[in-house]
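Peer 1: Sequence:
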Amino acid sequence: QVQLVESGGGLVQPGGSLRLSCQASGFTVSMAAMSWYRQAPGKERELVAFIGSAGTGTNYADSVKGRFTISRDNGKNTVYLQMNSLKPEDTAVYYCNTIRGISPYWGEGTQVTVSS
Numbered sequence: 001q002v003q004l005v006e007s008g009g010g011l012v013q014p015g016g017s018l019r020l021s022c023q024a025s026g027f028t029v030s031m032a033a034m035s036w037y038r039q040a041p042g043k044e045r046e047l048v049a050f051i052g053s054a055g056t057g058t059n060y061a062d063s064v065k066g067r068f069t070i071s072r073d074n075g076k077n078t079v080y081l082q083m084n085s086l087k088p089e090d091t092a093v094y095y096c097n098t099i100r101g102i103s104p105y106w107g108e109g110t111q112v113t114v115s116s
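In my numbering, the protein residues as written are 1 to 116.
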């Protein structure tokens, strides 16, 4: 059974950093394409970062390029999102995502609030 559990969110001041974690079970992240999405109040869910399976590269939304980094630890079966230089507009619920076959899987999300 595929499960994704996010953690690491919280309240941070502008310019600060957070690292989000996505603990996966039921499949191996090293062989899977994984994504981080976010959804701010009143807005649609948007793709933030993507990492392809087995060394096929990464991609980022223009709004986070140069500030966010997606990575994975195969030994821990976990995907991370390192977020630096955070801005108030980064405030959102962040979700981990993967697709197995034709089915998308989502975690429950972790809240990130950037405020002074």
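The hints are simulated quantities; they were obtained by calculation from the structure and are not laboratory data. Just so you know, not all the hints are guaranteed correct.
Below, a list of computed lysine-lysine pairs in the DSS-like style, where the Cα atoms sit at most 30 Å apart [stated by the list, open to error]:
no.: 1; residue 1: 76; residue 2: 65
no.: 2; residue 1: 65; residue 2: 87
no.: 3; residue 1: 43; residue 2: 65
FRET-style restraints, in silico, Cβ to Cβ [claimed, not checked]:
no.: 4; residue 1: 56; residue 2: 116; range: 34 to 44 Å
no.: 5; residue 1: 52; residue 2: 116; range: 31 to 41 Å
no.: 6; residue 1: 47; residue 2: 88; range: 13 to 23 Å
no.: 7; residue 1: 62; residue 2: 41; range: 18 to 28 Å
no.: 8; residue 1: 103; residue 2: 30; range: 34 to 44 Å
no.: 9; residue 1: 87; residue 2: 1; range: 32 to 42 Å
Ideal Cβ positions, reconstructed from N, Cα and C, are used throughout, including at glycine.
Peer 1: So, against the hints stated earlier in the document, which numbers end up violated here?
Peer 2: Checked against the structure, the only hint that fails is number 8, while the rest are satisfied.
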